[in-house]
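**Q** Going by the numbering used here, the final residue of the sequence shown carries number 966, and the count climbs one at a time with no gaps.
I should point out that these hints are in silico values taken from the structure, not numbers from a laboratory. Keep in mind the model is a prediction, meaning the values are calculated, not measured. It is possible that some hints are incorrect.
Said to hold, decoys possible - The calculated label-pair distances, taken between Cβ atoms and stated as ranges, are:
1. Thr899 / Arg792: 21 to 31 Å
2. Leu898 / Val855: 13 to 23 Å
3. Val887 / Leu767: 16 to 26 Å
4. Val887 / Glu927: 37 to 47 Å
5. Pro834 / Leu788: 10 to 20 Å
6. Ser875 / Val933: 41 to 51 Å
7. Tyr926 / Leu898: 31 to 41 Å
For every residue, glycine included, the Cβ atom is placed at its ideal position computed from N, Cα and C.
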Amino acid sequence: MNQADVTKLVSKLRINIKPRHRNLKNPEGPVGRLDKLRKTVTGLIKYERIELNYNRADEARGYAERLISEAIRHGDKHVPTMELADFWLEEKQLVHKLFKVLVPRYENYTVAYTRMVKVPSFYPETTTSNRTVLELRGNPFPPLTNRDSQNRNLLHNVLLDAAKKEYRKEQYEKLSKSVSSQTDNQIPAGYSEENDLNSNKPSTSSQGVSPP
Numbered sequence: 755m756n757q758a759d760v761t762k763l764v765s766k767l768r769i770n771i772k773p774r775h776r777n778l779k780n781p782e783g784p785v786g787r788l789d790k791l792r793k794t795v796t797g798l799i800k801y802e803r804i805e806l807n808y809n810r811a812d813e814a815r816g817y818a819e820r821l822i823s824e825a826i827r828h829g830d831k832h833v834p835t836m837e838l839a840d841f842w843l844e845e846k847q848l849v850h851k852l853f854k855v856l857v858p859r860y861e862n863y864t865v866a867y868t869r870m871v872k873v874p875s876f877y878p879e880t881t882t883s884n885r886t887v888l889e890l891r892g893n894p895f896p897p898l899t900n901r902d903s904q905n906r907n908l909l910h911n912v913l914l915d916a917a918k919k920e921y922r923k924e925q926y927e928k929l930s931k932s933v934s935s936q937t938d939n940q941i942p943a944g945y946s947e948e949n950d951l952n953s954n955k956p957s958t959s960s961q962g963v964s965p966p
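With the hints as extra help, turn the sequences into a complete structure.
**A** Below you can see the structure in the form of structure tokens.
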């Protein structure tokens, strides 16, 4: 069987799959590991956005992609596909969501059905690492990344503009006070504008001339 025949049997996923499985430790062994992955896939289909450890998110993503891909390819009349959905989705009402909601959403997609985004390392009052958000594309939640960052009507840009105006106002006030203080220090004590005018006024008093 050549490569072309293989692609007819199994559809190609739109994400990279590592050749080795992730090392997901579980006290119950391989069975517990598989149960954990099933819970992750179920949570992803149910909530459409979940946050978890990177390794588990990366491996569960492949199974979710395969499940959605097979559902789109074969539909709900295909017995093996229904058995696959029944295995991976622990909450059986999600089987209906898979075929009636997600399949119509993704049937014309040319990219992956899921997206992974790493979360910041520092949270308020705690430090975490290796955390990831795994989500279904087209979910109803606000986007995690904003590509239109130059839109001045976005909330964070409005707040930044207001902060810049307030900062400039404070700097102008400080500069004005500094200039006024320097001007006051350069004026000698007892100086008045009237005295300055009198000192520059020419003398008009007559002086007597002594006879020769």
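**Q** Does each hint hold? Answer for all of them.
**A** Going down the list of hints, with the structure as the test:
Our hint of 21 to 31 Å for Thr899 and Arg792 holds, since their Cβ atoms are close to 29 Å apart. Between Leu898 and Val855, the C-beta spacing of about 21 Å keeps the proposed range 13 to 23 Å intact. The beta-carbon spacing between Val887 and Leu767, approximately 20 Å, falls within the hinted interval of 16 to 26 Å. Checked against the hint of 37 to 47 Å, the C-beta distance between Val887 and Glu927 comes to roughly 44 Å, which is consistent with it.
A hinted range of 10 to 20 Å for the beta carbons of Pro834 and Leu788 is consistent with their spacing of about 19 Å. At about 46 Å, the CB distance of Ser875 to Val933 agrees with the hint of 41 to 51 Å. Distance hint for Tyr926 and Leu898: a CB-CB separation of about 39 Å, consistent with the stated range 31 to 41 Å.
The structure shown violates none of the earlier numbered hints.
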